[in-house]
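S.K.: Take a look at the letters that make up each chain.
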Amino acid sequence: MNFTLKIWRQKSREAEGGFKTYAVKDIPPDASFLELLDVLNADLIRKGEEPIAFDHDCREGICGSCGLVINGRSHGPHKGAATCEQRMRNFRDGEEITVEPWRAKPFPILKDLVVDRTAFDRIMLAGGYVSVRTGGAPDANAIPIPKPVADEAMDAAACIGCGACVAACKNASAMLFVAAKVSQLALLPQGQAERVERAERMIAQMDAEGFGACSNTYACEAECPKKISVTHIARLNREFIRAKLI
Amino acid sequence: MNRLTSFLTSSVGRKLLMGLTGFFLGSFLIVHLTINLFLFASDEGRTFDTYSEFMASHPLIRPLEILLFAGFLLHMVVGIWLWWTNRDVRRERYAVSGASENSALSSRIMFVTGTIVLVFLVVHINTFFIQSRFFSTGKTMYELVSETFANPWGDAFYLAALVFLGYHLKHGVQSAFQTFGLRVHSYRTLIDWLAVIFWLLIPVAFASMPLYFLWAHLTGGH
Ligand code: HEM
Ligand code: FES
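Protein chains in written order, with this note's numbering: chain F, 1 to 246; chain Y, 1 to 222.
Hints were generated in silico from the structure; no laboratory data involved.
Remember, predicted model here, so these are calculated numbers, not experimental data.
Beta carbons: idealized from backbone N, C-alpha and C, even for Gly.
It is possible that some hints are incorrect.
Now the stretches of chain F that chain Y is said to cover, found in silico as 3 or more residues with beta-carbon under 8 Å [said to hold, decoys possible]:
1. 31-45
2. 103-117
3. 137-147
4. 205-218
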């Protein structure tokens, strides 16, 4: 398959960025979007040009490193898949594809398609953990957790922290990310000890990082590669109200 | 900052204020509509005028009016504040927008629909409230209503405003439930039906009034 790629190039955090157009040829339909960029980069290196910088690691949708806005969609058109899981067969042969980095004030662009997502790390440091000693793995029957609750917590825990929710939101709100992290621990017994402060602190940090407020457009759920539901945002709101009332 | 102000100025706190004031304004719509429905009593507006008189003169109504005005003001101020800060976070726009594929238009233009409702409100309050309360028009409220609605351009303006109000509430009602943390799976159908009352039924009921008077005017009924 052949494609015309319009890719955002930016030398550094401070530099002005802009689009550059590249033609790529003979891409196998089963190639992933990142492999498409690999082919292009190999070509650029051969020609002595600067390769395109983009984040990636596991290339199997579990690490959350990759993340590109492809034709206006976080992680591209195929639902429930990270950029590394997008296959070129989901695009038309000869299509012009626009590739941009996540755009949000709290995610400054470092180079080309790479953004600084340490704002998420700081939100996690504010409360996305359990500090009580949980010891070794307890006997499975020692702490009974109903299956639906365990499932719901697991759905929230599927968040890979890629930032697609922020990238998709018109307000660059981080509510789905924070909701997934808070929800996962609020549902489980191990998370109870710090439940109140967690919601309070993580939202305070989210605001301090400069993420926008949620307008409930639900664009985040639509673009999440792990299909995390906005019902977790409803739970986060409940947790926050509860924290403020206690 | 004290605990309450830090709560209410946080991103979630501000959204709660939007939801609470939004619901308060929604409750006002119900009261307003109920009284207006007396326009349809076939008594040349006697019942309607009695109610208008009551609303204009009863001492308990004044504090309620002030509360309503404050509710509007708070909803608008916080709405503009949210819109302004949210806009700033996304100064760098995408070259290609995928918004239409991941979210409803009504959810993305709340500020626009809200502002149109505001423009309507200014005109609307001037036409009826200010005229009757502060200027002696010498007309009963019923006469004022039937004259105003005899003008097709005025009616068109009313109907357009109601479309935008409906659109504001199409997103607003379920959004407020989500903000309160109540939009969980088991309540979604209930919330969606409740929302229909607000975004469809109430605007349609309001729309029936200008249409009724226009029709009466055109057929010489009044
Ligand atoms: C009868 C009149 C009105 C009613 C019943 C109403 C109702 C609502 C409701 C229920 C919400 C949802 C709140 C939430 O998501 O938690 C909302 C949101 C909003 N309203 Fe109104 N509203 C009215 C008039 C206005 C006016 C005059 C403005 C003018 C600025 C306005 C601006 C907004 C904005 C900007 C939002 C979205 C806030 C956000 O999520 O970012 N509204 N409204
Ligand atoms: S590279 Fe790990 S999720 Fe895409």
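S.K.: How about the segment 205-218 of chain F: do at least three of its residues have a C-beta closer than 8 Å to a C-beta of chain Y?
M.R.: Check passed, 11 qualifying residues.
S.K.: At a Cβ distance under 8 Å, does chain Y reach at least three residues of the segment 31-45 of chain F?
M.R.: That given contact is violated, which follows from only 0 residues of the segment 31-45 of chain F lying within Cβ reach (below 8 Å) of chain Y.
S.K.: Do three or more residues of the segment 137-147 of chain F come closer than 8 Å to chain Y, measuring C-beta to C-beta?
M.R.: violated (count 0)
S.K.: Holds or violated: the segment 103-117 of chain F covered by chain Y, criterion of 3 or more residues with Cβ-Cβ distance under 8 Å?
M.R.: holds (count 4)
Comparing the model with each numbered hint stated earlier shows that hints 1, 3 do not hold.
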